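J.: Here's the letter readout for the chains.
2 protein chains.
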Amino acid sequence: MLVPTIVVLSSLLSSAFAGPHARLKHPKSRPPKTGLIEVLSASSSSNVAFSPVSVAPKTNIFISLTNDEAASVISFLHNQTELNLTAAADAGAWDNAIEVVDLVQPNKTDALEYLDNDGPIPARYAVARIAFGATEEPYLQDFIVGPLPISNASTYESLDWATTSGSAKIRNYNADDDLLTQWNFDVTATVADIVLDLLNGTATGSDDDDFDIWGIDPLWMEEIDGEQRVILWNTYWRFPSDEDAVFDGETLLPQGLFFKSDITGRDSSKWKVLGWLYGDIFYSTTEEFRNAWKSPDFIKYELNLPGEWIGSDQTGTHFPADNIAPPVAVQPNGQRFSVDEEQKYVEWMDFSFYITFTRDTGLRLFDIKYKGERIIYELGLQEAIAHYAGNDPVQSGTAYMDTFYGFGPYAFELVPGYDCPTYSHFLNATFHAAELSVTHRNNICLFESDPGYLMQRHSSSNYLALTKNIVFTLRSVSTVGNYDYSFDYVFALDGSVETIVRASGYIQSAYYAKNNDYGYQVHDALSGSMHDHVLNWKVDMDVLGTNNTLVKHKVAPAVVKYPWANKTRSTMRLERERIESEDDAKLSWAQNGADMFLVENSDKLNKYGEPKGFKIAPSRGGAGMYLTIQDSPNLLKSQGFAKHALYVTKQKDTEVRSSHANNDYDPGNPIIDFEKFFNSESLNQTDIVLWVNLGMHHVPHTGDMPNTVFTTAQSAFIISPHNYLLNDASRATRQMVRIDYNASGVQLVKEFGGKMASGVVNVTAQQPNFWNYEGDVAVRKFPYDPLHPFNDTESIV
Amino acid sequence: MLVPTIVVLSSLLSSAFAGPHARLKHPKSRPPKTGLIEVLSASSSSNVAFSPVSVAPKTNIFISLTNDEAASVISFLHNQTELNLTAAADAGAWDNAIEVVDLVQPNKTDALEYLDNDGPIPARYAVARIAFGATEEPYLQDFIVGPLPISNASTYESLDWATTSGSAKIRNYNADDDLLTQWNFDVTATVADIVLDLLNGTATGSDDDDFDIWGIDPLWMEEIDGEQRVILWNTYWRFPSDEDAVFDGETLLPQGLFFKSDITGRDSSKWKVLGWLYGDIFYSTTEEFRNAWKSPDFIKYELNLPGEWIGSDQTGTHFPADNIAPPVAVQPNGQRFSVDEEQKYVEWMDFSFYITFTRDTGLRLFDIKYKGERIIYELGLQEAIAHYAGNDPVQSGTAYMDTFYGFGPYAFELVPGYDCPTYSHFLNATFHAAELSVTHRNNICLFESDPGYLMQRHSSSNYLALTKNIVFTLRSVSTVGNYDYSFDYVFALDGSVETIVRASGYIQSAYYAKNNDYGYQVHDALSGSMHDHVLNWKVDMDVLGTNNTLVKHKVAPAVVKYPWANKTRSTMRLERERIESEDDAKLSWAQNGADMFLVENSDKLNKYGEPKGFKIAPSRGGAGMYLTIQDSPNLLKSQGFAKHALYVTKQKDTEVRSSHANNDYDPGNPIIDFEKFFNSESLNQTDIVLWVNLGMHHVPHTGDMPNTVFTTAQSAFIISPHNYLLNDASRATRQMVRIDYNASGVQLVKEFGGKMASGVVNVTAQQPNFWNYEGDVAVRKFPYDPLHPFNDTESIV
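Line by line, the protein sequences give chains C and P. For the first sequence, the positions run 1 to 797 when the UniProt record's numbering is used. For the second sequence, the positions run 1 to 797 when the UniProt record's numbering is used.
It should be emphasised that the hints constitute simulated quantities derived from the structure, not laboratory data. Values in this document were obtained by computation on a predicted structure and should not be read as measured data. Glycine included, C-beta positions come from ideal geometry on N, C-alpha and C. Hints are not guaranteed to be accurate.
To be verified - List time: in silico DSS-like cross-link candidates among lysine-lysine, alpha-carbon distance up to 27 Å: (1) K561/P x K300/C; (2) K369/C x K552/C; (3) K58/C x K554/C; (4) K272/C x K561/P; (5) K561/P x K554/C; (6) K294/C x K586/P.
Unchecked claim - Every beta carbon over 10 Å from chain P, so not counted as near; a handful from chain C, in silico: (7) T86; (8) G166; (9) G201; (10) E448; (11) N566.
I would like the entire structure built from these sequences, with the hints used as guidance.
T.: What follows is the structure in structure tokens.
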């Protein structure tokens, strides 16, 4: 857009810039040439000295359980004889054992009393996830244990109030892992000759096995002869071998042979093979399969074999210029944010927040404040679905809910110089599972960076004004199996907070035979199995208090008759709509970006009468955010949060999470069914929570071989002030310059105390030492000896 | 997504990572600890030494006219007496004068013959845009002049074949700029007392005027008494004043008083005032307006006055940490791309391309090759619309088409250390207008950078593999009036090319009275006038030749009965659809990103049978790409390219551009009406062109005060290989590391010759000197003296 009054050269030249009807600006008086750089010490300059070490203003009430807390909870539970617990290290399938202990996030009402009103610090409680195996009908159950520290006042009870099912129990239809492994080998033994012929390998349980056997996730329930049966479809995956054995390419090596098992009950002698599938032909018995295989017209498909192609090392002709080191960021003048390492509290410019880390969802942020006011109470991942499709039952039947595996356990140490700048500030994080406390060293990084474009610029005939865009990033990466999910929370000087997820790593792929409706062929006998990623975030915004409303401002076409026009005009208008009930609270981003979603406090108007708020909008990606399959037979009642782009619900202390790590055990009877959060409650000026999905439809092509790359596999949303302040917040930074000039040259360089990086940097000394990569520290919790916390675990560090 | 076989710690710890049915991977043999960093000199290493200076393999046939060429064209035209030209410097409204000369881009057929088949170099032709003022019906017309250099063989003719109207002529209904300026002052004089009362200022043409007067763009045609009349609505804008006069904030100072003029014809004594508007009340005569103003119930609205609020300097409390310099990127080991400065040819890794620069659209890229094969013949901006709406006729009537003003003239010098890294490679660019050749110094920058996240990563129980994401950016910024458009073309190691536009600068705003259906109130008497930005790009892709097809691959829900299932299953499928006719070629990005658009060569299959292609997808933003108003009364037949997200047409040498810089003169009778490109032609395996829109719906709020910021005002699309190669192209880089480890620690660090940045960098010495900002060099072209090219223009450099 342009106002034709701006001309940079003198009026003599102005005719060069536009057509005959350009309207020229009157020449303006220009500042005198001073020949000096004017460095302002802004009058409003703060006198507070900066320290990179901060002290949290309040105790971090969200912080993960300490090792001692976890140990005391575990010990307490072992003392409850009715639980009949066995130490996790000794427990078998028929024992009861503690799987996970973690913090029960304090109720928001209590937390706000503490944070805002000098109320008492909320009592700490733990959740203990216990697997009950000592029964014909094994199950898992969550218990709340506390208050902590454990004392005579401490009790435990089923954590039913945090569920939608009314019970924190869920059945485990697949408790006998050892039996199942043996079953798979036994079934394979009945067709060992066929497997050898078709797949050229063996799976017997020996060390030189060629195949790994696994299949659908979650398991299916199927009615057979009027009875609900537990069904598992399995397939054969080849192990990488030879020189490429180090590479984690097993998910590129599906072999195309499938078998269906009825694994109902705990007596594997009653389990049954219900059929075989090869080349898109189903054989309902092993005998039928064998007969077909023997017949002369049996069609054999190509082998999908490992090789150099599954490796991710450098390959192909490299570029001469690539012998030279590329540009790198340096931080010669020191860290510009502060961290309270003990309290996991961070301050950067006008932002502050607390960090925590959970087994299920990894890194989480609480009490994000901006200019002293809370804007987000809670920000963190809830669940990640990867839903596949294919002509074979294993791809068709796969719909991972990754919190089952957990984002905490797989959030490994980061590599400076690659994962994060070498000058980053690294933090550790700990989770507690199977009666071990495992500390990931340096698995969270915090750093400032210049994303390579400005925050603000403007030039005119008189001046240029330029403001740097320095952002602050909090990052962790969880490698949940074949995929590496990188999570960024990026804070910017304009008050925006961007949440980014990127995916790299190996795809899970399909055997190629007759799968071309479900993916591209990406190698000799391989199909890039199509799948949807949906990652759900909880975004509990509090804009100037908890009484907020989600409003939708639509840029809408309109036909309007104006007083100054004889005829109607086709134009557009801003239409304001309030989402006032949970009945209207399942939302999508509009076609062509026509809708803006704002969280506003309708009672807090700025001086111009506009409600103060924040906008939430997609910012990167665009390849999809919610599930294509709206009624998945795999996910059943566990996909309620993944059917729209975003949702808004009334905040309740009983509706803390949109999913549950145990839903995967029985997705038709989930512990948390997000759909049940919707019960027509008013969302008008009340405490609301947004549930926002990121993701992508991923149809892997040859460019995903061997690994998907982050550049085209990313998705993000951004929260930014909207009529919240009276101007652009980035005006507060010193990292800007104004250059006044005229035809005689530069007249004034105006700086604002924002120094450019200076000094001499030994870049060589900043090179990372990759030999420092360490791995995790594990502390055994039961039996626990605080004086020897590494009891029995040092060897596995 | 996860395959549950990956466990990073030893099997002892494995139970910590998942629930009871986790299926554990067989332990793998691990590489021996070598204690050495293995640096590979890849067997496929190229022996070609790298030089940052390249020699273009072919002459840049797209390069802008040289100053000599422009001068000779101008001289040639002045010799054509029937044109009756006056030197631009002397020309008035009643003269004929040359406005612009530029290159006529060679026909693609000729260009490919030269580039690919050693055909003759295409003859060079210029386009000359001439304003014919010496007539009662003034007009503009484009002529093609050539071949160049000018010789006896050179001729000129109307450039009709590059139009859809059949004529390169367009009427100019507003040729008398001087008369109009005087008209505005004369009209104002009739109500000077009212203006002083309502707006507290004057507009008389004197140096101390308070107001600038301008209005709608383009002009309207309105039928009055059966005759087409030329209509202009004007309003008053206040000049910034006092200490904030340097700031370009006039577009923040609309005053809320409007008048409508009939300016038909060239005799301003016949022009008429058709009414006034104030406070949303229309007065059809000046007398009516005066009477109302005199009446006691006349409502006066608040003044919109300048002040510190329009300045963009540092304001507000700054942060203690901001006294420290932020991180900065350095390039200690030298430039890794090569440039042929004379031919404007660039090579980076596996990419090469030619640059040109035009008056209308600024920077353009031609013949983008990837791994030696052309993938994009032409990539560049076509047009940028900014369409406003409002309760007043000026906002409602404003729909800028910015090529009218031109992106070339306003693509000013960039500031190292702010606009681009200090280590960037800068290029100059020249345009020719009003018989001047103006060279922007350092207005294009090229640089490598690390965008702050990896290209690839994967970790397993055995290893980490990490690849850097080093990108190469080509950038220019055009400040077209109040807005600064930043254009990036970003090349990445995975073969992707991203086109990004960002907007900063001042908004054009509206007076606040009764405008709240069209924008937020953003200051005392100011509304942030809502508007749509639509920027159209030509993307002429050539995938392995010119026979290409656009295909749409849909991720579609499906209900399927599989041979292995008793019941149908709700699932999804990849549906492949070909866009085979221009009848189906107006396209939008699907809701939830469900469609992938691919340009493929259906006859060139990869070894797995998939057609080789490139995907095109939105990558940033998401706030809209096409016009909300589908039938704008302002744009009429000139908005054809802006009604959908993307279009595909058959390539024709006569359909070079989707818009024309002169369409703005008469948008109802445009020289190029993009809709006319659509005439049912086959798009099946033929040379196709994509026309892709970026943009946003911009409803400015207080955060746009004083300037819109780039962070939330950006939009991009990315083109990336899709089944084009057999694997991820980034595997060719040396900038990767593999770390093999086990419970005993790191066993092997494998590098690939990709050095980390090294050496000692004097960061202080890299600080930019803002006093070096220079501005432009202008060379007068007529009368032209090659020995004294700065003839009469030195003073304005």
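J.: Please go over all the hints and tell whether each is borne out by the structure.
T.: Cross-check of the supplied hints:
1. K561/P x K300/C: This hinted pair holds, its Cα atoms lying about 24 Å apart.
2. K369/C x K552/C: holds, 24 Å
3. K58/C x K554/C: The hint is violated at about 40 Å.
4. K272/C x K561/P: holds, 23 Å
5. K561/P x K554/C: violated, 41 Å
6. K294/C x K586/P: violated, 54 Å
7. T86: Non-interface label on T86/C holds, nearest chain P Cβ at 12 Å vs cutoff 10 Å.
8. G166: Non-interface label stands for G166/C: nearest chain P Cβ at 22 Å, farther than 10 Å.
9. G201: holds, 13 Å
10. E448: Given that some Cβ of chain P is not farther than 10 Å from that of E448/C, nearest at about 5 Å, it is violated.
11. N566: For N566/C, whose nearest Cβ neighbour in chain P is about 8 Å away, the distance does not exceed 10 Å, so it is violated.
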